[in-house]
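One-letter residues, chain by chain:
Protein chains: 2
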Amino acid sequence: MVVEAPVASLKAVYVAEGYENNPENHAVLAELKTKCDKANAIYEVVADNVFKSVSDTQTPQGIMAVMAMPEYSMEQLLAGDKTHLLLLESIQDPGNLGTMVRTGEGAGVTGIIMNKTTVDLFNPKTIRSTMGSIYRVPFYVTDDLGATMQALQRQGISLYAAHLKGQNSYDEEDYTKACGFLIGNEGNGLSDEIANLADAFIKIPMEGQVESLNAAISATLLMYEANRQRRKSN
Amino acid sequence: MVVEAPVASLKAVYVAEGYENNPENHAVLAELKTKCDKANAIYEVVADNVFKSVSDTQTPQGIMAVMAMPEYSMEQLLAGDKTHLLLLESIQDPGNLGTMVRTGEGAGVTGIIMNKTTVDLFNPKTIRSTMGSIYRVPFYVTDDLGATMQALQRQGISLYAAHLKGQNSYDEEDYTKACGFLIGNEGNGLSDEIANLADAFIKIPMEGQVESLNAAISATLLMYEANRQRRKSN
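Residue numbers (this note's numbering), protein chains in the order written: chain A, 47 to 280; chain B, 47 to 280.
It should be emphasised that the hints constitute simulated quantities derived from the structure, not laboratory data.
Which copy is meant is left open, so a pair is good if it fits within one copy or across any two.
The calculated lysine-lysine pairs, modelled on DSSO-like cross-linking and capped at a C-alpha distance of 27 Å, are: (1) Lys-249 <-> Lys-223; (2) Lys-223 <-> Lys-278; (3) Lys-81 <-> Lys-98; (4) Lys-171 <-> Lys-57.
Build out the structure end to end from the sequences listed, making use of the hints.
Structure, rendered in structure tokens:
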């Protein structure tokens, strides 16, 4: 992930001594040094015990970077008719959030909107789960998800809420125009307040005795259904 | 999950004292006692510190059960023309495996087949991630995944491998007849040996710079595409 970092936001790279001493890593480190030069960023080798005490993982890989957090305006998440948003209410699991960012990039979302009570996008576990997509998927954290939804709707973006009360299956709506999908908290789903602002409820059919799916799994099915429809309509 | 346990496999229930003393839990415990009577299972209240030392979680919920592990023959995973299998090679993350079992039940799989180097289905984290689906989804652990695949193919079951070399998108094949989906290890994907035994490679289209999706996410898209096609063809 450090090798993939955009030059513009790279501030510093720290390498563990043991990592540097392994000849297998020399090619990667040469690439990183060049990158740091271009970025005018610090490049420093530190003792293994120092590296370990700074890292938040049990078995750190040996490279660490300091980067500027990206910031986007709401406008940067919109792409006219092609707008494809994921809107998250109070997602709590960092791995779930990171997986949604990664899958969102794959499905072609134009941005991800989160309320303030969603887990921090810059939680180390979230960042790792994005597998680099954190660098590329525009996001926006809103103080007032309801007001943000209404602003999007005024711009003609249809918002769909994954909801047990949905009449139509998720594959029975048309997502070829500007749209967004609302996914709620892992334990409680969407709040009534937010769900009721959606243009439509949609349901994911479930067989057996399954009552709900994991939040990242639900988001995947909706985002990739939009992707599928848009591929077919081209 | 303990409340949902099938009576036939319930052997013992242990309840933490603190949990039993909370009046809010009396209804659940009454239901569990009745279940234990029916199952001829042990029901025992234990001191909180004993409960905590036996539990593998930091903040145990207060109910624990001992259950017989279900066992299935390969035949129990097959449903003629409706066969819909998930075949896993060396999945390592217990949460990923559990999520696949849960989502698999939702998508209507008739069974899940794993090779021996897939993480233990009875890993506590896997069991929790299944959200109860572990009780209901037939599974089979094979010593020789390749030989198992060939046996399935002889019965007319088409096996599709999610693979970067796939020609067709996953939504361009017909899954309305007996079929199965192969998902490989999180880091390395499917081994060549296993992938080459598949009837066809399929790819999941990915936008941006995404190179692969999480294993459970890929499995979800394939299993639900089969679900979608089968719903439409009814």
